[in-house]
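Asks: Each protein sequence line maps, in turn, to chains A and B.
Read in the UniProt record's numbering, the first sequence has 129 at position 129, and its numbers run on one by one without any break.
Read in the UniProt record's numbering, the second sequence has 13 at position 13, and its numbers run on one by one without any break.
The set of hints was computed from the structure by calculation and includes no laboratory data.
All C-beta atoms in this analysis are idealised placements derived from N, C-alpha and C, irrespective of residue type, glycine included.
One or more hints might be untrue.
[To be verified] Derived contacts from chain A toward chain B, CB cut-off under 7 Å, selection only: (1) A67; (2) D70; (3) G115; (4) L118; (5) P175; (6) E247; (7) Y273.
[Claimed, not checked] Covered stretches of chain B, as calculated for chain A (at least 3 residues, CB under 8 Å): (8) 44 to 55; (9) 77 to 88; (10) 100 to 114; (11) 124 to 133.
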Amino acid sequence: MYVAVKGGARAIDNAHAWLAEERRGDRTVPEMTVAQIREQMGLAVNRVMAEGSLYDPDLAALAIKQARGDLIEAIFLIRAYRTTLPRFGGAQPIDTGNMACDRRISATFKDVPGGQVLGPTFDYTHRLLDFMLAADGDVPEAAMGDPAGDPVPHVTEFLNSEGLIQPEPESDAVPRDLTREPLELPADRALRLQSLARADEGFLLGLAYSTQRGYARNHAFVGELRIGSVAVEMDIPDLGFAIEIGEITVTECETVNQFTGSKTEPPQFTRGYGLVFGQTERKAIAMALVDRAMRWEELGEENVGAPAQDTEFVLSHCDNIQATGFLEHIKLPHYVDFQSELELIRKLRAQAKAAGQEDAT
Amino acid sequence: MFDVSTRQGWMGLLARAPSNRVSHLWANFGPVPAHETLRSPEIGAVMVRGRAGATGAPFNLGEMTVTRCTVSLACGTIGHGYVQGRNKAHAETAALIDALMQTNRQSDLRKVILEPLAAEMEDARTTRAAKAAATKVEFFTLVRGED
């Protein structure tokens, strides 16, 4: 039997009105605009776009404002919004080799062609609070150098030309899409990468860290990390040719991992891959490590039972909207469920008591 | 960098251009020509893809917002606008410019809208590249010891 309970409407309305007031905060402090969030909370905006799986900085900034800075709530809002959009089609795969790089570093080759370009990074800062930011002040314009202008080649290309790294099989197959069909296991690499690209950063960070600590260790070097903008091209049926429909910023991480080899193949480095919307390098590195760990089977490695090797476990738990939906639903009314548990436990206790009295006599 | 001599080129430029710059330059161009809207501006999503290991098999990375619009001028010329984001006016303007670029107003449009827009965007891109170049590490080696 299902018994509907009514009477919460007034309380809910008032709770939401208070939420709006609390969101606004102290009215003597100026209200933040969506543009301010977009421009000054850029990395939060990037995370919401990446995990919300929708590239639109204005929408992400609006979601952060609405969610009072709760990024998972903001991601939830973006995911809900994207389901309302008609799908115009699929773009051609982006060419990260043609990226206009803001940042491009390699931890494996010091003198890599194109150089080590640090970009706007937190690396090498002292992590001391900067109280100057609490005061108003203009920021001086960043220094300018002499841009080379040519696209920067991928580091793995050098290893590839020597045959030292496992090549990526070429393909133009249309990938399966998690947002269109339920996840089916076993999941191919394309499906795994889609799932990781929108996965929770914290979950991936923990899993990636676990591989470094020895749970499916695969000894990753960051062969290359690059952040910058790439054009997105799509075939337009009305026109009969492809046009650029926009430009997005992405972070790409390619790891170079320990060897594999067999009787027929000489030892080769293997690779992990991370690609994420926005400037999101922690997530991209974590993604590459977890991608590499999940490739144990195709690379002929042993399954040591590590969490990061367990594709079903990773893919079933890495989505923070699925996770938070199920986790948080247990705070909603379960009065009837619990009533039955209460009755059951009372009955069991009464039986136990009666049995005890019988034993005593 | 931005080639506005081909249809692909100008459509790509209009797709990526900042909405406020497009509307500003369009307003300066003169009155909006008589036209019919074949497809009203529509906001949708396009699935962006990457390749495993940058060069391997494609995978779905996530979607981006795109707005499209189709117009036809009084002479029957059809123009399409596909622009990044959710600005309907931007998509409609892009469609009108695309249509007019196929007429004899081509050179005016190039001069008043497309070339200035391309120059501004090229400028922004160069500035960013210059800032990145300034953060390039110049390694040097310290030689220590006697031999």
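Asks: Hint by hint, say whether it matches the structure.
Replies: Here is what the structure says about each hint:
1. A67: violated (19 Å)
2. D70: Result: violated, 21 Å to nearest chain B Cβ.
3. G115: holds (5 Å)
4. L118: Given a least distance of 4 Å, the restraint on A:L118 holds.
5. P175: This interface hint holds because 5 Å falls under the 7 Å limit.
6. E247: Nearest chain B Cβ about 5 Å off; hint holds.
7. Y273: holds (5 Å)
8. 44 to 55: Coverage by chain A holds here, the residue count being 12 at a Cβ distance below 8 Å.
9. 77 to 88: holds (count 6)
10. 100 to 114: Since 0 is below three, the answer is violated.
11. 124 to 133: holds (count 9)
When the structure is compared with the earlier hints, violations turn up for hints 1, 2 and 10 and for no others.
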